[in-house]
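So the chains spell out like this:
2 protein chains.
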Amino acid sequence: MPIYHAPLADMRFILNDVFQAEQFWSANEKLAHLDAATAEAILEEMAKFAQNVTLEINRSGDEEGAHFQDGKVTTPAGFKEAFKQYASGGWIGLGADEEWGGQGMPKMLTVLADEMLFATNPSFMLYPLLSVGAGMALSSYASQEQKETYLPKIYSGEWSGTMCLTEPHAGTDLGIIKTKAEPNADGSFNITGTKIFITGGDHDLADNIIHLVLAKTPNAPAGSRGISLFIVPKYLVNADGSLGERNAVSAGSIEHKMGIKASATCVMNFDGAKGFLVGKENEGLAAMFVMMNYERLSMGIQGLGASEFAYQNAAQYATDRLQGRAVTGAQSPEKPADSILVHGDVRRMLLNARANNEASRAFAVYVGQQLDITKFSTDPEAVAKANNRVALLTPIAKAFLTDTAFQACLDAQMCFGGHGYIREWGMEQCVRDLRIAQIYEGTNGVQAQDLIGRKTIKCEGRYLAEYLEDIRDFANGLDPELNFIKDVTLDVATEVEMITQFILERAQENPEFANSAAVDYLHAVGLLSFTYMYARIAKAAFAKPGEFYQNKLALTHYFIQRVLPDINARISKIKAGSEIISGFSEQYFTAQS
Amino acid sequence: MPIYHAPLADMRFILNDVFQAEQFWSANEKLAHLDAATAEAILEEMAKFAQNVTLEINRSGDEEGAHFQDGKVTTPAGFKEAFKQYASGGWIGLGADEEWGGQGMPKMLTVLADEMLFATNPSFMLYPLLSVGAGMALSSYASQEQKETYLPKIYSGEWSGTMCLTEPHAGTDLGIIKTKAEPNADGSFNITGTKIFITGGDHDLADNIIHLVLAKTPNAPAGSRGISLFIVPKYLVNADGSLGERNAVSAGSIEHKMGIKASATCVMNFDGAKGFLVGKENEGLAAMFVMMNYERLSMGIQGLGASEFAYQNAAQYATDRLQGRAVTGAQSPEKPADSILVHGDVRRMLLNARANNEASRAFAVYVGQQLDITKFSTDPEAVAKANNRVALLTPIAKAFLTDTAFQACLDAQMCFGGHGYIREWGMEQCVRDLRIAQIYEGTNGVQAQDLIGRKTIKCEGRYLAEYLEDIRDFANGLDPELNFIKDVTLDVATEVEMITQFILERAQENPEFANSAAVDYLHAVGLLSFTYMYARIAKAAFAKPGEFYQNKLALTHYFIQRVLPDINARISKIKAGSEIISGFSEQYFTAQS
Numbered sequence: 000m001p002i003y004h005a006p007l008a009d010m011r012f013i014l015n016d017v018f019q020a021e022q023f024w025s026a027n028e029k030l031a032h033l034d035a036a037t038a039e040a041i042l043e044e045m046a047k048f049a050q051n052v053t054l055e056i057n058r059s060g061d062e063e064g065a066h067f068q069d070g071k072v073t074t075p076a077g078f079k080e081a082f083k084q085y086a087s088g089g090w091i092g093l094g095a096d097e098e099w100g101g102q103g104m105p106k107m108l109t110v111l112a113d114e115m116l117f118a119t120n121p122s123f124m125l126y127p128l129l130s131v132g133a134g135m136a137l138s139s140y141a142s143q144e145q146k147e148t149y150l151p152k153i154y155s156g157e158w159s160g161t162m163c164l165t166e167p168h169a170g171t172d173l174g175i176i177k178t179k180a181e182p183n184a185d186g187s188f189n190i191t192g193t194k195i196f197i198t199g200g201d202h203d204l205a206d207n208i209i210h211l212v213l214a215k216t217p218n219a220p221a222g223s224r225g226i227s228l229f230i231v232p233k234y235l236v237n238a239d240g241s242l243g244e245r246n247a248v249s250a251g252s253i254e255h256k257m258g259i260k261a262s263a264t265c266v267m268n269f270d271g272a273k274g275f276l277v278g279k280e281n282e283g284l285a286a287m288f289v290m291m292n293y294e295r296l297s298m299g300i301q302g303l304g305a306s307e308f309a310y311q312n313a314a315q316y317a318t319d320r321l322q323g324r325a326v327t328g329a330q331s332p333e334k335p336a337d338s339i340l341v342h343g344d345v346r347r348m349l350l351n352a353r354a355n356n357e358a359s360r361a362f363a364v365y366v367g368q369q370l371d372i373t374k375f376s377t378d379p380e381a382v383a384k385a386n387n388r389v390a391l392l393t394p395i396a397k398a399f400l401t402d403t404a405f406q407a408c409l410d411a412q413m414c415f416g417g418h419g420y421i422r423e424w425g426m427e428q429c430v431r432d433l434r435i436a437q438i439y440e441g442t443n444g445v446q447a448q449d450l451i452g453r454k455t456i457k458c459e460g461r462y463l464a465e466y467l468e469d470i471r472d473f474a475n476g477l478d479p480e481l482n483f484i485k486d487v488t489l490d491v492a493t494e495v496e497m498i499t500q501f502i503l504e505r506a507q508e509n510p511e512f513a514n515s516a517a518v519d520y521l522h523a524v525g526l527l528s529f530t531y532m533y534a535r536i537a538k539a540a541f542a543k544p545g546e547f548y549q550n551k552l553a554l555t556h557y558f559i560q561r562v563l564p565d566i567n568a569r570i571s572k573i574k575a576g577s578e579i580i581s582g583f584s585e586q587y588f589t590a591q592s
Numbered sequence: 000m001p002i003y004h005a006p007l008a009d010m011r012f013i014l015n016d017v018f019q020a021e022q023f024w025s026a027n028e029k030l031a032h033l034d035a036a037t038a039e040a041i042l043e044e045m046a047k048f049a050q051n052v053t054l055e056i057n058r059s060g061d062e063e064g065a066h067f068q069d070g071k072v073t074t075p076a077g078f079k080e081a082f083k084q085y086a087s088g089g090w091i092g093l094g095a096d097e098e099w100g101g102q103g104m105p106k107m108l109t110v111l112a113d114e115m116l117f118a119t120n121p122s123f124m125l126y127p128l129l130s131v132g133a134g135m136a137l138s139s140y141a142s143q144e145q146k147e148t149y150l151p152k153i154y155s156g157e158w159s160g161t162m163c164l165t166e167p168h169a170g171t172d173l174g175i176i177k178t179k180a181e182p183n184a185d186g187s188f189n190i191t192g193t194k195i196f197i198t199g200g201d202h203d204l205a206d207n208i209i210h211l212v213l214a215k216t217p218n219a220p221a222g223s224r225g226i227s228l229f230i231v232p233k234y235l236v237n238a239d240g241s242l243g244e245r246n247a248v249s250a251g252s253i254e255h256k257m258g259i260k261a262s263a264t265c266v267m268n269f270d271g272a273k274g275f276l277v278g279k280e281n282e283g284l285a286a287m288f289v290m291m292n293y294e295r296l297s298m299g300i301q302g303l304g305a306s307e308f309a310y311q312n313a314a315q316y317a318t319d320r321l322q323g324r325a326v327t328g329a330q331s332p333e334k335p336a337d338s339i340l341v342h343g344d345v346r347r348m349l350l351n352a353r354a355n356n357e358a359s360r361a362f363a364v365y366v367g368q369q370l371d372i373t374k375f376s377t378d379p380e381a382v383a384k385a386n387n388r389v390a391l392l393t394p395i396a397k398a399f400l401t402d403t404a405f406q407a408c409l410d411a412q413m414c415f416g417g418h419g420y421i422r423e424w425g426m427e428q429c430v431r432d433l434r435i436a437q438i439y440e441g442t443n444g445v446q447a448q449d450l451i452g453r454k455t456i457k458c459e460g461r462y463l464a465e466y467l468e469d470i471r472d473f474a475n476g477l478d479p480e481l482n483f484i485k486d487v488t489l490d491v492a493t494e495v496e497m498i499t500q501f502i503l504e505r506a507q508e509n510p511e512f513a514n515s516a517a518v519d520y521l522h523a524v525g526l527l528s529f530t531y532m533y534a535r536i537a538k539a540a541f542a543k544p545g546e547f548y549q550n551k552l553a554l555t556h557y558f559i560q561r562v563l564p565d566i567n568a569r570i571s572k573i574k575a576g577s578e579i580i581s582g583f584s585e586q587y588f589t590a591q592s
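Here the protein sequences come in this chain order: U and L. Quick note on numbering: numbering that gives the first Met the number 0 labels position 86 of the first sequence as 85, and the sequence is numbered without any gaps. Quick note on numbering: numbering that gives the first Met the number 0 labels position 46 of the second sequence as 45, and the sequence is numbered without any gaps.
No wet-lab data here; the hints were simulated from the structure. Careful: at least some of the hints might be erroneous.
In this list, chains with the same sequence are indistinguishable; a pair is considered to hold if it fits within one copy or across any two.
[Stated by the list, open to error] Here are the simulated lysine to aspartate or glutamate pairs, DMTMM-like style, with alpha carbons at most 25 Å apart:
{"id": "1", "residue 1": "Lys-457", "residue 2": "Glu-62"}
{"id": "2", "residue 1": "Lys-71", "residue 2": "Asp-565"}
{"id": "3", "residue 1": "Lys-543", "residue 2": "Glu-97"}
{"id": "4", "residue 1": "Lys-152", "residue 2": "Asp-203"}
{"id": "5", "residue 1": "Lys-384", "residue 2": "Glu-494"}
{"id": "6", "residue 1": "Lys-146", "residue 2": "Glu-39"}
{"id": "7", "residue 1": "Lys-177", "residue 2": "Glu-98"}
{"id": "8", "residue 1": "Lys-384", "residue 2": "Glu-465"}
{"id": "9", "residue 1": "Lys-374", "residue 2": "Glu-468"}
{"id": "10", "residue 1": "Lys-457", "residue 2": "Asp-337"}
{"id": "11", "residue 1": "Lys-179", "residue 2": "Asp-337"}
Construct the entire structure; sequences and hints are all you get.
Here it is, written out as structure tokens:
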């Protein structure tokens, strides 16, 4: 049976010592109600729920999977009860506005709560996650009446939400969707089309499901400028808020997937279903992106959660498993063998995962703080800067955090040897479940295109320049005894600055260049970001006595020595250019040999 | 439905152009019966079998899995018929000695046949693979009578074989196995104990199963020097070769695994089963290592097969999938979108896989050739040198080829977007099935320990020095027009030589160092090996006109520019030393935070 202990001390360290959250909150009128003790109580409550409820139904949920019969989806045993408990604890609306029944908690804090849920049961987590995403899109773009109708019930968990984008022929390229929205005389629309890969498209956890659907109205402009967003409830809602008749939307089937088997991934058929426009016609993509940007940071948290879960289980297994002897001689001569934790290579795998987890957690809180500034700050300059920062770092949060977490989970699985491959230890499920996080909500390759295109070339590197300025200011302010991380941080900042300049120049000469360089660039900026996080971690740890803090400094050294060198390979690959890639003919790839 | 076309032209290129197999065979008395036309006919026949038989039952085998009921294992639908067809085609003994019913084909050729089977159905392939491994151990160590009794029936497929090493408490550390062998008056032994993870431990494909079992005789020395090897048939064999009574060995259960679900992975209970000593008492490990070294190269081929399968499917999907437009403007303006093959990042993923496949195939044939020299050559000096080469490169063949192939399969899966995560496209099965190849037959971490310890430090770098000499000789003999690969090859050779020297020095000062450096070192030597293979590929391709050969040169450039830079990161990590890794306390890893 897999274990999980919420890493509360590490979370406190990041929140309180590294990011001085309480100071940040108290300096901000809209967050001044929150103090460190309250935040800690929230995390402790979530830890109990994760350890006692979601962890318990994680493997059984994988074994049983979601069911589809007679057009209806049912979730595995225990999911319904867990969802009720989660909803009644107020967790769905933890970060949502109080006006609509949420708890108004900052993202800095909710990312940590989310981590625990993703660690213990990613399939379960996806149900409320989609509700919250739908809630965010509605909060930003829906009419007052729509908000009143839907938001309180979504945050209370009576109803849930989905996002319906992908169609069989197109996922990434939303410009070519075919789902139609035909206007009715009463201002509503009839929605017709098929959507696939709809997480939580149907289930038995809530009384109603509010689908947010992208569709094209008649005579809409071609491409992504002709997409509108519609609310399509599973059950239409009467004027008094009660459930009315069944809408013409239904699940056609569920997918059989590599993992997250307890999460129902549905084919949704809209057969002239009644839909209600959200915001303005043809401006649906912007509304959907509010939701998608939120989900994208969440996918990074999914990575972190899985990687923390994998690390904890692997560390325990490595401690318990007795095989072989240390090269320096028996460490436990009274036992038949030493624990495999004596081997440097086993430690290397564990430390890879741990170094990833601590940097990822800091980074998630950092991005959370930036999001909080955009939402709660009253200083327009700070908001503008934070918006740029969030734009720059969202693809990193989604793609870099899931790429590194997937590798961490593979390392952790490897610590188990053959036992990592069989189901009973839970590691293979962890790997299967996490793999989707690199793929959905825009593949990690698409994230990299977003970073290098919209977030770098389009603004001529301005977002990165602002980021580098903050990083350099921070590094230059470090105590001389932290020169080891200061120097590395400044070096990496220069390397990333130079390769960005290289990219900006090349992209002008050769439009194909950026596409080929994107993933390596994303990893370079990701490694810069982790270096920055370790600089912040080192500063906070250096200020305090004790082994807990010394280990943070040691992990900083580990990161520099054993993880960061990858950046050189990334930069070399970018510098190689794209000619060799575009030079192959299209036929080359499929020519039968 | 996944596709597969055996890459026969690429195989011919490697065999004929790169390694001039026919010349090699004709120069060797024991192989002179084989010519290129016969070799090609064999590959063509295997291609038909792989494309028409094993591919067809790959996904259904995964869906159905192996069954366990009432102590008996049955294989999924179609496996029995396929195995009969495979056996009656003489494929099991393709590389086995003609004396025992084999076809005596060289390893250079059989690796290519194996690749096709691993590409189309790794679960199926494991059944005959274990038979062949058992056959090899018996060929080398068994008595004449034992060979006569078992080998012809194993190679004909009437019977099959297993290797029974791992016990619940120990896999890698065979010195602490507990299975007992108590001598009987008639010279046989009673074998008692439990073995786990036994591939093909029970099944319905053959009339008898010949288990090769590691066990300890009374008063055997402690550790790995006290292990003996026994034949334990499922059914005892009468003097006339007919099947006698059922032996006291049975499957207790089968494992539920991440992948290779159609391969029965059994818990085997030996309850005083009758066993027959193979070779000398306490020298069982050497016999088992004959089998294991054979399997280890095969696992590399498993990687190559999976990666080729994944590449072909991803390339086809990328060609067929229309989404988005090329950055340089629409390539197929008459269609709603361009194929995703226009995107540099999609090509990058495909080329990563393809660059891996072509180098891996060359490397497999190269190691096969070295094995053929050890087996067939009459020149003792050549045999000794080839033995050293095989010793050095076996861990590379097993671990590097599976590590790179797994990454290639992940890249290929990513080309499918969300469709890569669902079962119908076959990519997620490919990833799940391949993952075991990094774990079993000694984890890739253990392979790395073997490389850096026994194969490098123990011989003071001699095996590598011999390898480097051959590589440099080859590079220096290249045409000046191939300076681009010549220079890179010589540079990489120097880098690997220097880091090896560094390791030899550090290992003397600090015994913990090598263990921590091992995986990075294995990848450095692996990248050197691929560079060497591309030097050989480039030489062969340069000599011929036409697009097929030009593309080999282009792929060589791709490898240098986009894959090889990883070696710098590997070397940096090795140079960082191991102090930071061994410095963490044991408690650090599991302390609850």
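Taking the hints in turn, this is what the structure says about them:
1. Lys-457 with Glu-62: neither (46 Å within a copy, 47 Å between copies)
2. Lys-71 with Asp-565: The answer is neither: 48 Å in one copy and 49 Å across copies each exceed 25 Å.
3. Lys-543 with Glu-97: neither (37 Å within a copy, 73 Å between copies)
4. Lys-152 with Asp-203: within (16 Å within a copy, 57 Å between copies)
5. Lys-384 with Glu-494: Answer is within: at 23 Å inside a copy they meet the 25 Å cutoff, but 45 Å across does not.
6. Lys-146 with Glu-39: neither (31 Å within a copy, 70 Å between copies)
7. Lys-177 with Glu-98: For Lys-177 and Glu-98, neither the intra-copy (36 Å) nor the inter-copy (67 Å) Cα distance is at most 25 Å.
8. Lys-384 with Glu-465: within (8 Å within a copy, 59 Å between copies)
9. Lys-374 with Glu-468: within (23 Å within a copy, 64 Å between copies)
10. Lys-457 with Asp-337: Cα proximity of Lys-457 and Asp-337: across copies only (23 Å, versus 56 Å in one copy).
11. Lys-179 with Asp-337: Result: close only across copies, 23 Å inter versus 65 Å intra.
In terms of the numbered hints stated before, the structure departs from hints 1, 2, 3, 6, 7, listed from lowest to highest.
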